[in-house]
Structures are given as C-alpha cells and as structure tokens.
Amino acid sequence: MERLKVQDICKSFGGLTAVSNVSFQVEAGQIVSIIGPNGAGKTTVFNLLTGFYTCDAGSILLDGRPIENLPPSQYVKEGVARTFQNLRVFPAMTVLENVLIGYQSKIEYGWADAILRTPRLREQERAAREAAMEILERLKLSAFAGERCAGLPYGLQKKLEIARALVCSPRLLLLDEPAAGLNPQETAELADFVHGLPEQGFTILLIEHDMSLVMDISNYIYVMDYGRVISEGIPEQVQKDPKVIEAYIGQGGIRHASEG
Amino acid sequence: MQRNKRFFDLKRILPLLLAAAMYAAPLAITNQYVLRVCVYVSIYSILACSLNLISGVCGQVSMGHAAFYGVGAYTSALIALSFGLPWPICLLAAGVLSALVGLLIGTPALRLQGGYLVICTVGFNELVRLILLNWVSVTRGPMGLTNIPRPRFFGVAIHSGRQYLYLSMTLLLIVYITLRNILHSRFGRNLRAIKEDETAAETMGIRVHREKVTAFAIAAGFAGMAGSMLAHYMLYINPNLFIGDFSTTILSMVVLGGMGSMPGSVAAATLLTVIPEALRELDRYRMLIYGLMLICMMLGKNIPWDTTPLGRAAARLRGRVKIARESEHGGKD
Ligand SMILES: Nc1ncnc2c1ncn2[C@@H]1O[C@H](COP(=O)(O)OP(=O)(O)O)[C@@H](O)[C@H]1O
Ligand SMILES: [Mg+2]
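Chains as they are written, first to last, in the working numbering: chain L, 1 to 260; chain G, 261 to 593.
I should point out that these hints are in silico values taken from the structure, not numbers from a laboratory.
Warning: the hint list may mix true and false statements.
With a cut-off of at most 20 Å between alpha-carbon atoms, the simulated DMTMM-like pairs for lysine to aspartate or glutamate come out as follows [what the hints assert, rightly or not]:
| hint | chain 1 | residue 1 | chain 2 | residue 2 |
| --- | --- | --- | --- | --- |
| 1 | L | Lys106 | L | Glu134 |
| 2 | L | Lys77 | G | Asp269 |
| 3 | L | Lys106 | L | Glu125 |
| 4 | L | Lys106 | G | Glu471 |
| 5 | L | Lys77 | G | Glu458 |
With the C-beta cut set under 10 Å, the calculated list includes, among others, these residues of chain G facing chain L [as the list claims (entries may be wrong)]:
| hint | residue |
| --- | --- |
| 6 | Arg400 |
| 7 | Ile437 |
| 8 | Asn441 |
| 9 | Ile442 |
| 10 | Lys455 |
| 11 | Asp457 |
| 12 | Thr459 |
| 13 | Glu462 |
| 14 | Arg470 |
| 15 | Gly520 |
| 16 | Pro523 |
| 17 | Ala527 |
Keep in mind the model is a prediction, meaning the values are calculated, not measured.
Where a beta carbon is used, it is the ideal one built from N, C-alpha and C, also for glycine.
Only chain L is shown next, with the shape it has when bound in the complex:
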C-alpha cells in the first residue's frame, strides 16, 4: 500500500487558487519529488500536508489513515515531519537542544516527574540525549552539539533542521528545498545523505529547485505549475516532457526580464 495518498486537494486564498485538484502518492521507502517554478504551489501542498492550511477539498491518507485538517502539532504523532523552505531552527538554543525538541513527542514523563526530577525523567532524558547525539553523529554535527545554533554556518543549520525532523522517526519526511542556499559541495553531500535515507527506512517527499539533485535521487517526480500537476513520471520521462520544459523556460524568461 502507498505510504501517502493525496487525492484532489484544493486550496485557494481569496481569489487565488494556489492548489487545485492535486493528487499524488508516495510509496514506502521511496524518494518522490515535487518540482515546478516559483509560486507553483509546492510549499502550499506541504502546508496542507502538515495542517498549517486547511484543505478546501480532497483527502490525504497516511498508510490509509485520513490525516487532513488536524492541528499542526498532531502530525509528528501521526508520523509526518517536515523542514521549512526558510530555515526554521531555534537560534538561541544549542544544536543538541534543537534536536531534543524534535525528540520531544516521544518523551512521556509528566509535570510531576519534571518537578520532582524522578528516575523516570532521568532515564527518559538520557535516552533522548542518546538518540539526539546519534542523529547528530550521523549528520556529522556532533562536534557542534553544545554550540548555539545561531553561530553555525547556514549549511550546517540546514542540516540541523533535517536532523531535528529525522529524530522524530517519521514515516514520511517532507523536505522543502533542502539544497537552497547550499554551495555545490554541500549540495552533493546532501544528495548523498538524502539518497541513503530510504535504506534506513525513511520515506521522503522532496521539494527541490536544483534539477540535477532531483533527477539524481528521485524514484518518481511530480511537476506542478499554477497549482496543478502538469506532468509526472520517472526522472527520464519528466526531463523530456515538453510541458515541463515550457514551464521552466517560461519562468526563466520571467526571471531574466525582472533581473534586466
């Protein structure tokens, strides 16, 4: 069965239809990408998938369970974690604490344990720290564990945001333009890392602008433009689709015009 099945979701803001009748699915253990020019509605799809916007219509199923229109804080428990296009780490907290926040939904002790510092708290805090350090280790961030996140270079902060999402052990991980702002070497490292995630049991839905990255690591690609899915297929098919080329060239033209 599909890990994620999205059927005919719609979202409009006032007169603007940002997402219209979008359907797609993600098989467990795969990397599926959504590409498309700026303003195509990709981030809006992520916001619908994580409860930040309510769907005007349509349904979202995670392993067969409907998950549309829940409160945003519910999604980690349902098994969906995400990163943001515009980096959203906790700058004044340390790298380790950032990841511990990702782990918090798995911590079970209550207020009484906190106030009395019971063995239950100590045990769970220790386990949380271990899990967090393990993730940091995997992303080669453990050397920075005690450092304030704000002091790290942008590339490391982006990695940290992924670490924070991974520590939730999500059944579906949503990555919104993880390579944006990274240099070519960092992008290549990131591609390697993301490519290795399905082996570790993760399923990934990726939004990305960097075409070569998407083509290299995706099992399947959906192309969006003006709120609709205009094309889909394996990378080789999508690459050749004239509609896709047109959508991208159209945007390139606009970009040149606005720069000139």
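Since chain L is already given, all that's left is putting chain G with the ligands on it; use the hints.
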C-alpha cells in the same frame, strides 16, 4: 571511586553551600529594618522568578502579574479571617485560586501576540484593582483588610522579623527549585522553543497554546502564594499594593535579570528592592535616580561587552575555567 569524585563535584556542592549560607545569614542580621527589606526581597524574588517563566523563558510578556499577587493576598487573608484556617492551607488556596484565574485569563489572552497580549494583561490588572476597590462587602474596598492573622506553627505564631525571613526564604527556595526543575525538563525546553519559533515548535509536536497557558497558570499560582506571604506578613492589605505600576516593576526585574535567567531574576529583584530603600534618604530625588539607573542598566545590557577590554579579560578567564572543566570531565569518562 567515581562516586566519591562526583560527591565532591563543585557543581553539586555549590548549591548546598549557597543554601547553607542563605540559612545562616539571618542569624547575623539584628537590624529589624534590614530583616524587613530581606523579607521583601524574598517575596519579590518569587514574583520575578514566576513571571520569568512565562515572560522571560516563553516570551509571552505579561504586565498583569501584580493582579495574581493581589488575588492570592486577598484569597489568603479572607480565608484566614472568615474561617480561621491555618496559614499553609490559606497559602495553598491562594496558589490554587490564582492559578485558576490565570487559566481563565490566559486561555483567551495567550491567543494574542506581542503588544496585544500586553494590553490585555494591563486591562486585566486594572479590572482586578477595580474589583478589589469596589466589591466593598467582601474586600472592604479602599480601607483594605486589617488584622490578618499571623502564620502559626505548632500553636506558636510567627512573630519576629527573623522568623518571617526564614519563612519567606523557605517559600522562595521551594518556588525556585520547582521552577528550576521545570526549566531543566522537556517543559522548559518546549517553552524556550516556543519563544524562538512557534511554527517550528508546533511542527515538532508541541501544543503551543496549551504549554503557554500551563506556564501562565503556574506563574500566576506562585504569584498568588507570594501574595499570601505578603498578607500574613504585613497583616494589612489594600488594593493599592496590586496596581499595574507594580506589575511594571516585576517585569523590569525579569528584563533586567536577563529574560529567562532565574538567578538573574533573583539578583534583579534584590537590586530593585534594595536600591530604592537605600535612596530613601534622598527622598525627593529617589524616583529620578531610580529611573536614570534603570535606563543606564538597560542601555548597558546592549553594549557589546565582549568587545571591550574588560569583557575580553572576562572571556579569557571563562575560557580557562571551561577548558579546566572539560579536561577534568574527559578524565572521568
Ligand atoms: N498564506 C497565503 N496567503 C495568500 N497567498 C498565499 C499564501 N500562501 C501561499 N500563497 C500563494 O500561493 C501561491 C503558491 O505559493 P507556494 O506554495 O509558496 O509556491 P512554491 O512553494 O511552489 O514556490 C503563490 O502565488 C503564493 O503567493
Ligand atoms: Mg516554496
């Protein structure tokens, strides 16, 4: 052997030494006036530490903390006066009722952001003041409540300034440890995350509004307990003690102490209590000097101290301490 080493760990011993020193100190104080100031320092520290939880740590600025202080003071005094119940029960009732009022106000108010929340809490403080002033049949209005009974333990009433200091200090210690433990748990971490980025916190599964309201109610509860302590110390309370101006003072303690720092809150509460007292001699210029001082301290906080020669020396010193600690740590594991 490892156990032994840990037992002598400075980090573990230091708080104990501090507590011991704290409890020994009142024995050396004979001046009634100084004892009195110390009691106020304890009570105001409770107020500052509790407000620090919601405004300093979680970033939800409240300018109505004195209202909860008032609700607690009146609750405790009225229960003691009407039913003659022992003080510990009055104290608990004051805490619980203030927390409930905090829950009631916080639930809608904490949906508001920034400035709107501030205005809302200012309004709430004014509302409480007006109720205390005008519900004459219960609160006796501007005349206030008099003859509030002293706390009694084992049939003996607390009388001397020193006994009161021990009592208020103990209350402060309990509140301090409770809040510190909260801050060092996932709840404290979550509150800090909320202050930094609510959207990201929500995405990580934190129920942002609920956590805010809980923190607000806890803060209100402790403020209520501080109010109870005040009522049974002064033995007389009136609505003027709980006006918005005083909320501003509590908030300035939290800000001065460095938004989020508990020792900072206590230090600032001490400074802002002791300094006005010390300036009492200069009566006419007191508020002027006090105001100027606050401005200087706030401006001073914005100076990048780390770049001044003094700051660099301090950083070097800190660096050395840190390195020493790390090598000691490395040897242990
Ligand atoms: N909260 C919102 N209010 C109004 N318009 C929005 C909102 N969020 C997104 N949009 C609009 O929806 C369209 C799609 O945006 P988005 O999903 O961010 O695009 P993409 O991520 O593909 O670049 C854009 O035209 C954008 O302006
Ligand atoms: Mg986007």
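Restraint: Ile442(G) near chain L, CB-CB cut 10 Å. Satisfied or not? Status holds, d = 6 Å.
Answer holds if the nearest beta-carbon of chain L is closer than 10 Å to that of Pro523(G); otherwise answer violated. Since chain L brings no Cβ nearer than about 18 Å to Pro523(G), farther than 10 Å, the hint is violated.
With a cut-off of 10 Å on the beta carbons, see whether Glu462(G) makes it to chain L. holds, 4 Å
Per-residue hint verdict: Gly520(G), partner chain L, C-beta under 10 Å: holds, 9 Å
Quick one, is the Arg470(G) hint okay against chain L at 10 Å, beta carbons? holds, 9 Å
For the hint on Asn441(G), just tell me whether its beta-carbon gets within less than 10 Å of chain L. At about 5 Å, which falls below the 10 Å cut-off, the nearest Cβ of chain L leaves the hint on Asn441(G) intact, so it holds.
Given pair status - Glu125(L), Lys106(L), alpha carbons within 20 Å: holds, 11 Å
Interface hint outcome for Ala527(G) [beta carbon to chain L under 10 Å]: violated, 21 Å
Verify the proposed pairing of Lys106(L) with Glu471(G), using a straight-line Cα cut of 20 Å. holds, 16 Å
Is Lys77(L) within 20 Å of Glu458(G), Cα to Cα? holds, 18 Å
Minimum Cβ distance from Thr459(G) to chain L below 10 Å? holds, 6 Å
For the pair supplied as a hint, Lys77(L) and Asp269(G), confirm whether the alpha-carbon distance does not exceed 20 Å. violated, 40 Å
Going down the numbered hints, you'll see the structure goes against 2, 6, 16 and 17, while the others check out.
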